[in-house]
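Reminder that position 162 of the sequence shown reads as 162 in our numbering, one-by-one numbering, no gaps.
Be aware that a few hints might be false.
[To be verified] Lysine to any residue pairs mimicking SDA-like chemistry, simulated, CA-CA at most 25 Å apart: (1) Lys-170 x Ala-56; (2) Lys-170 x Lys-279; (3) Lys-170 x Phe-123; (4) Lys-170 x Val-182; (5) Lys-170 x Ala-125; (6) Lys-170 x Met-206; (7) Lys-279 x Asp-66; (8) Lys-170 x Thr-196; (9) Lys-279 x His-122; (10) Lys-170 x Gly-58; (11) Lys-170 x Glu-253; (12) Lys-279 x Gly-265; (13) Lys-170 x Asp-147; (14) Lys-170 x Pro-180; (15) Lys-279 x Val-269; (16) Lys-170 x Arg-87; (17) Lys-279 x Asp-50; (18) Lys-170 x Arg-252; (19) Lys-279 x Arg-235.
[As the list claims (entries may be wrong)] What follows is a set of in silico ranges between Cβ atoms, one per label pair, in the way DEER data are often shown: (20) Arg-237 x Gln-89: 13 to 23 Å; (21) His-48 x Leu-76: 16 to 26 Å; (22) Pro-213 x Asp-242: 10 to 20 Å; (23) Ala-120 x Arg-71: 30 to 40 Å.
The set of hints was computed from the structure by calculation and includes no laboratory data. Positions of the beta carbon are idealized from the N, C-alpha and C atoms, including for glycine.
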Amino acid sequence: MMVLLEFDGLLDRQMRMTQIILMASFAVAALAGCSPRRAVELLLVGDHFDLTPHVAYGADPRQRLDVYRPRGGARLAPVVLFLYGGRWQTGSKEQYRLLGDALTREGVVAVIPDYRLYPAAHFPAWMEDGARAVRWARDNIARYGGDPGRIFVVGHSAGAHTALLLALDKRYLGAAGVAPGVVRGFVGLAGPVATTWTDPDVQALMGPPAGWPATYPLTHATGAAPPLLLLHGRRDRTVAPDNALRLAARVRERGGCVRTVLYRGLDHVGIVIALSVPKLGIAPVVEDLMAFVRDPRVACRGGGGR
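Please construct the entire structure, taking both the sequences and the accompanying hints into account.
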């Protein structure tokens, strides 16, 4: 099922609200002596969650994760394990506090891991780390109020590639001792999931060219995959929306369950902003994610729309 949503009319509102928040954040930063990003967090992040930072899921210093738990929330809440983007070269879990805030407002336990990056590591290091983080969630999340039977893996950009390859190439979760079915569904936001490697820096981190086909989620598309949700902005010039459409078509051809939503007016960064700061009203990315978390079978239903 593919849904095309139009939000061009909201762009002016988005820009106005973003400008207000940025102006306020710089004012707070000046008064509090902190960074603008921290100032945005002070303005927008609530006190409705408990954060357990820097939990080890492996021996490497990059194998640490943060757990966000809704304060006073129901036990056995759904779990979202979020893999951030950064071209497999940059990124930090600390940059996603707003996302932890947004997800816990929805009653979700959020797990945000760091993972090994290039040039210190090469493919498949981040795949192995993603699988290890899933294993950690399966074994430990109940003590944080999460339901180990309702784990969802979500990724943005490079993290979406990792999430979808975990879904479609079962070797990585299998090597970590994670059985099929432990992850209820996988979500990719603006992921390079149906492309080839043409940029020299990405070619370098993906290893010898003979092995590249195995790094493409499209290579492993199958009807046996867990339900998939693919979200993409129509204005994305970094990763073309055709990535989501091509992977969805291949999975559908083979009898799998996949839902695709394209948002007019969103670019590569805008989609993760919409997910992390839903109060901006940019696009209903959180609503679409939560509908999938509540019932991943929405990916198996034909028709639909708004």
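Structure-based check of all given hints:
As the CA atoms of Lys-170 and Ala-56 are separated by approximately 24 Å, the hinted pair is consistent with the 25 Å bound. Distance restraint check for Lys-170 and Lys-279: the Cα-Cα separation of roughly 37 Å exceeds the 25 Å cut-off, and the hinted pair is therefore not satisfied. For the given pair, Lys-170 sits about 16 Å from Phe-123 by alpha-carbon distance, which is consistent with the 25 Å threshold. This hinted pair checks out: Lys-170 and Val-182 have alpha carbons roughly 12 Å apart, not beyond 25 Å.
Under the criterion of a C-alpha separation no larger than 25 Å, the hint pairing Lys-170 with Ala-125 is consistent with the structure, at around 15 Å. About 19 Å separates the Cα atoms of Lys-170 and Met-206, which keeps this hinted pair within 25 Å; it holds. With a C-alpha separation of about 23 Å, the suggested pairing of Lys-279 with Asp-66 holds against the 25 Å cut-off. Proximity of Lys-170 to Thr-196 is assessed by CA-CA distance (about 21 Å); at most 25 Å being required, the pair is judged to hold.
At most 25 Å may separate the alpha-carbon atoms for a hinted pair to count; Lys-279 and His-122 exceed this at roughly 37 Å. Under the criterion of a C-alpha separation no larger than 25 Å, the hint pairing Lys-170 with Gly-58 is consistent with the structure, at around 20 Å. A hinted pair counts as satisfied when its Cα atoms are at most 25 Å apart, and Lys-170 with Glu-253 qualifies at roughly 19 Å. With a C-alpha separation of about 17 Å, the suggested pair Lys-279 and Gly-265 falls inside the 25 Å cut-off, and the hint holds.
Proposed proximity of Lys-170 and Asp-147 is supported: the alpha carbons are some 22 Å apart, at most 25 Å. Taking the CA atoms of Lys-170 and Pro-180, the gap is near 8 Å; set against the 25 Å cutoff, the hint holds. Distance check on the hinted pair: Lys-279 and Val-269 sit about 16 Å apart at the alpha-carbon level, within 25 Å; holds. The hinted pair formed by Lys-170 and Arg-87 meets the criterion: a straight-line CA distance of about 23 Å does not exceed 25 Å.
Distance hint between Lys-279 and Asp-50 is fulfilled; the C-alpha atoms sit about 21 Å from each other, no more than 25 Å. With a C-alpha separation of about 18 Å, the suggested pair Lys-170 and Arg-252 falls inside the 25 Å cut-off, and the hint holds. Between Lys-279 and Arg-235, the direct Cα distance comes to roughly 21 Å. Compliance with the 25 Å bound is thereby established for this hinted pair. Evaluation of the 13 to 23 Å hint for Arg-237 and Gln-89 yields a pass: the beta carbon distance comes to about 19 Å.
At roughly 18 Å, the beta-carbon separation of His-48 and Leu-76 lies within the given 16 to 26 Å, and the hint holds. The supplied range of 10 to 20 Å is met by Pro-213 and Asp-242, whose beta-carbon atoms lie about 19 Å from each other. Evaluation of the 30 to 40 Å hint for Ala-120 and Arg-71 yields a pass: the beta carbon distance comes to about 36 Å.
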